[in-house]
Structure formats: C-alpha cells, structure tokens
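A.B. asks: Sequence:
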Amino acid sequence: MKPNFKSLLILSFFALLFVFSCQNEFLEESSQNQEETLVPNSNLTLAMRSTAANNGSMDDLLDDSSCFSVNLPVTIIVNDITVTINTLEDLEIIEELYDEFDDDEDNLEFLFPITIILNDYEEIVIASQDDLEAFIEECTQNSSDDEIIECVDFVYPITVSIYDANFQVIENVTFISDDELYYFLDELEDDSDNQVIIASLNFPVTLIYADGSTLEVSSNPELQAAIDAAEEDCNDEDTCSNEDLAANLQECYWEIESFNGDDNYQEVDFIFMEDGTIKVLNSNGFFEYGTWNMSVSDNNLPEIVIDGFQEYQLFNGSWIVTECDDDELVIVKEVEGITTTIILDQEC
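Under our numbering, the sequence shown has 205 at position 205, and the numbering climbs by one with no breaks.
A portion of the hints provided could be inaccurate.
Derived DMTMM-like pairs (lysine to aspartate or glutamate); straight-line CA-CA distance at most 25 Å [stated by the list, open to error]:
hint: 1; residue 1: LYS279; residue 2: GLU96
hint: 2; residue 1: LYS279; residue 2: GLU150
hint: 3; residue 1: LYS333; residue 2: ASP269
hint: 4; residue 1: LYS279; residue 2: ASP99
hint: 5; residue 1: LYS333; residue 2: ASP298
hint: 6; residue 1: LYS333; residue 2: ASP211
hint: 7; residue 1: LYS279; residue 2: GLU105
hint: 8; residue 1: LYS333; residue 2: GLU347
hint: 9; residue 1: LYS279; residue 2: GLU267
hint: 10; residue 1: LYS333; residue 2: GLU231
hint: 11; residue 1: LYS333; residue 2: ASP233
hint: 12; residue 1: LYS333; residue 2: GLU311
hint: 13; residue 1: LYS333; residue 2: ASP345
hint: 14; residue 1: LYS279; residue 2: GLU100
hint: 15; residue 1: LYS279; residue 2: GLU328
hint: 16; residue 1: LYS279; residue 2: GLU255
hint: 17; residue 1: LYS279; residue 2: ASP269
hint: 18; residue 1: LYS279; residue 2: GLU222
hint: 19; residue 1: LYS279; residue 2: GLU232
hint: 20; residue 1: LYS279; residue 2: ASP263
hint: 21; residue 1: LYS333; residue 2: GLU216
Simulated from the structure, these hints should not be mistaken for laboratory data.
Kindly generate the complete structure, drawing on both the sequences and the hints.
C.D. replies: Structure below.
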C-alpha cells in the first residue's frame, strides 16, 4: 500500500501546531513564576521568616522569657511538687498549683539539664539555674521583638516549587512545620555559597490568626499584606486600656525585675487589690499597705497612681505605663527632672 502523503502532511502540521502551543503555554507560566518568586532579603521573605520563627512567648509561664522556649517534655518542681510538662496544654498544671494558695510565694525550679530552643530553632543545653538566668539576661538585652510575628501563623502543609535557571520546575518541596519553613527561608537568605535558589510558593496559602480566624491568600502581594496587617494588629494589642490594665494588675502579684537598670529591688513584690489597696512586701517578710488607682497621663498614656507607703516612699507617685504586655510592664516616674524606670514581671 502506498503511503498517504497528504494525510501525513496534515498530521505533521497539527503536531507542530501542538508543540508551538505548548511552548507558548510554558513561556506564559514561566513569566508568572518569575513574578511570584521568593526574592532573598525582600520584605516578603523576611516577614515569612519572622512568622515561622519559634515563638518563645508561648511558654513564658514556664521560663519567664520570650527569647526562647523550653524543649518538652521537661520536669519541674512547683511549690515542692514534682511535675512533668509534656505539652503546652500542661502549663495549666502550673497555674493550678500557683492558685492553690493566695498568701504564699510561688516557686518553680527546673530539674537540670534542660534544652532551650531559640527563635531561630537553635538548641542549647542549659546545665544549671545560674546558667539559665545568665542566658535570659543576655538574651533580653540583645534580642529584638521585631524578629518575631506572634499574631499570625501558617497553616501547613505549604509547598514550594524550585526552578532551574530556565524557570523550569525541578522539584516541589512540602513543609509541614514552622521550623522546616524557617530553615528553608534562612537558607534562601544565605548566599555565602553563591548558589541562588529560585523558588515560588504554590498558592493558595492559608494563614490562621490569634483569634482562630483564617485567611486564604493567592499571591505574594496578598500574603505580604496579610502578614503586615496581622503584625500591626498585634502591635495595637500591646497598648493597654486602663480597664484591661487594672484587671491584669489584680490577676497575680508583680515583682520588680529591674529598677533603673539594676537589681537592687528584685526581692520586692506588689499585690494590687480590687478595693484600691496595694501591698508591697520583700523577701525579709516586711510588708506595708498603700493605695492605688488608674489615671491617664498628659500624653494620654495609662498611669498608675500609688500613695501611702511609708518605708517604701520611693514607690509613691504617678507611674506612666510606657510598655504593656500581659506579663510585663515598664512604668516610668519623673520628679524634678529625675526619671525612675521600673520593669515589673507578672508572677502567677
């Protein structure tokens, strides 16, 4: 049988047309990928890394530091009772033990050694309480809260496509946790080996906020806007109203972490009571009572007004709350050009 050259010619034409069409489609897809790549040191990749960083504030009740978290499980002694903390939910056990008695001084001790996890997921073994306190002091002085975005998290899994120099996909990488995504983004920023990683997110990506609500985003600009909005809302929450601050003051007792940058009064505690009474006590067993109320400063900041102390008269006066967190306050008093700054830590 003779071959039908006319039919072969028609088939060849459609085959070429199909190849040309596929090439055009691939080029269009490649162009889109270039626009959606994760650029090293860009605002987006830095924001993503801050979102995926280890949130050390989640276990502040345990270690009193947001610079790191304690690797679980860990065994502790709370008011002479030995407890093993296996999950973050177990922190409620500590609160229950603290709440058993209102007139005692709560105490928490670790059974060392323990392992702590920094914001960048580096793990460090701590051998003693002295080592832990020294690390907390150094970490507090050198850390930056801007490196962590606490009010929003990624919903996993998240998939990233890796491209070659021609923007052809060579691998899809799926992350199932914050630390995996953080390591990848950290590697993306590190160009010390002169190897450029070309990558893009596979959208949609879902974010979950502190209140439990979620948001699905479909592009790099949408993701950037969502993280920025969450960070702004988070910063707004750090500003306390007088009502919220008064309620927080009465929730637990407060101890002086720093007095003008030193530790001269670290053994002094305050108890704010609902009837407007404030009790100050020290480690020697001395205590006295005064009064307290909330006010507003001339620059519209919350103000704690304390009066009536005799032995501790230096604590009397109007204290402006310059920084406000659930478990830490910075209060400032200025009298005749002399400024006094106190950092108070909440102890529950």
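A.B. asks: Indicate, hint by hint, whether the structure satisfies it.
C.D. replies: Evaluated hints:
1. LYS279 / GLU96: Between LYS279 and GLU96 the Cα gap is close to 23 Å, so the pair holds against 25 Å.
2. LYS279 / GLU150: Violated, because 34 Å separates the two Cα atoms, which is more than 25 Å.
3. LYS333 / ASP269: Given pair LYS333, ASP269 holds - Cα atoms ~18 Å apart, limit 25 Å.
4. LYS279 / ASP99: Between LYS279 and ASP99 the Cα gap is close to 18 Å, so the pair holds against 25 Å.
5. LYS333 / ASP298: holds (13 Å)
6. LYS333 / ASP211: violated (35 Å)
7. LYS279 / GLU105: holds (14 Å)
8. LYS333 / GLU347: holds (23 Å)
9. LYS279 / GLU267: Roughly 14 Å between the alpha carbons, so the hint for LYS279 and GLU267 holds.
10. LYS333 / GLU231: violated (30 Å)
11. LYS333 / ASP233: violated (28 Å)
12. LYS333 / GLU311: holds (18 Å)
13. LYS333 / ASP345: holds (17 Å)
14. LYS279 / GLU100: The hint holds at about 20 Å.
15. LYS279 / GLU328: holds (18 Å)
16. LYS279 / GLU255: Holds, at about 12 Å.
17. LYS279 / ASP269: holds (8 Å)
18. LYS279 / GLU222: Violated - the C-alpha atoms of GLU222 and LYS279 are around 51 Å apart, more than 25 Å.
19. LYS279 / GLU232: With a Cα-Cα distance of about 36 Å, the restraint between LYS279 and GLU232 is violated, given a limit of 25 Å.
20. LYS279 / ASP263: Distance ~20 Å between LYS279 and ASP263 Cα, so the pair holds.
21. LYS333 / GLU216: violated (46 Å)
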